[in-house]
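Novice: Fit chain B to the supplied structure of chain A, relying on the hints for placement.
Protein chains: 2
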Amino acid sequence: MASAQLLLVLHDMSNDAHLPNEPDPILAGFRKSIDNIDAALIHILAERFRITQAVGEYKAKATLPPADPDREQRQIDRLRALSEDANLDPEFSEKFLRFIIDEVIRHHEKAREDRRG
Amino acid sequence: MASAQLLLVLHDMSNDAHLPNEPDPILAGFRKSIDNIDAALIHILAERFRITQAVGEYKAKATLPPADPDREQRQIDRLRALSEDANLDPEFSEKFLRFIIDEVIRHHEKAREDRRG
Chain A
1 MASAQLLLVL HDMSNDAHLP NEPDPILAGF RKSIDNIDAA LIHILAERFR ITQAVGEYKA
61 KATLPPADPD REQRQIDRLR ALSEDANLDP EFSEKFLRFI IDEVIRHHEK AREDRRG
Chain B
1 MASAQLLLVL HDMSNDAHLP NEPDPILAGF RKSIDNIDAA LIHILAERFR ITQAVGEYKA
61 KATLPPADPD REQRQIDRLR ALSEDANLDP EFSEKFLRFI IDEVIRHHEK AREDRRG
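Chains as they are written, first to last, in my numbering: chain A, 1 to 117; chain B, 1 to 117.
All the given hints hold, so there is nothing to weed out.
Since the list gives no way to pick out one identical chain from another, each pair is judged satisfied if it fits inside one copy or across any two copies.
Computed list of lysine to any residue pairs in SDA-like fashion (alpha-carbon distance at most 20 Å, straight line): (1) LYS59 <-> SER33; (2) LYS61 <-> ILE26; (3) LYS95 <-> ASN36; (4) LYS95 <-> ILE105; (5) LYS61 <-> VAL104; (6) LYS59 <-> GLU47.
Simulated from the structure, these hints should not be mistaken for lab results. Predicted model only: the values in this text are computed from it and were never measured.
Chain A on its own, in the form it takes in the complex:
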């Protein structure tokens, strides 16, 4: 009976307790998923900026205005609706799109400066 209790204690320790410097296997599993997701985000963002770069070049060639406030508002409304379906805070999705659009504008300004030399 005493040895059975000892075994139970050892079993519990292997599942729930870790030495301070030992990696926690449950946390490590979560982090692996986060790392995979972050790699996907980086590659999708890279593709998005490739397209907005092409849009910038096309707008300059076709003498279309660089900004389009109506389009931006439609994008925001659409992403807020998508976010609600995905249980993501719509405020965050709007902040996120602004963050990305600010970077796109920065790229366009830099491209214009580069063209001017």
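Specialist: Chain B only, in chain A's frame:
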């Protein structure tokens, strides 16, 4: 000959010129790609926050510290390297990760407040 020239002019107009309120088909194609990419980003971000929410709950249960500066630095270094391969500005990818981590911290703080009532 006159009618052939007229046809050519009409053809050019349909490809390159648009009435001010008529949608530009090339721009519309780019925007469709951007909208698809943005929907993908929103859904991937929703999944990332689902995981970080589970991490927050697990850390609270396992009495692990909420922040881990070493982990954050490894994430930044890794995303900067991935960005270079994807032709994305590494400065932007670091700024992007900080933007996401700030939101995760905001979620964790809100969850802590909710638990306290």
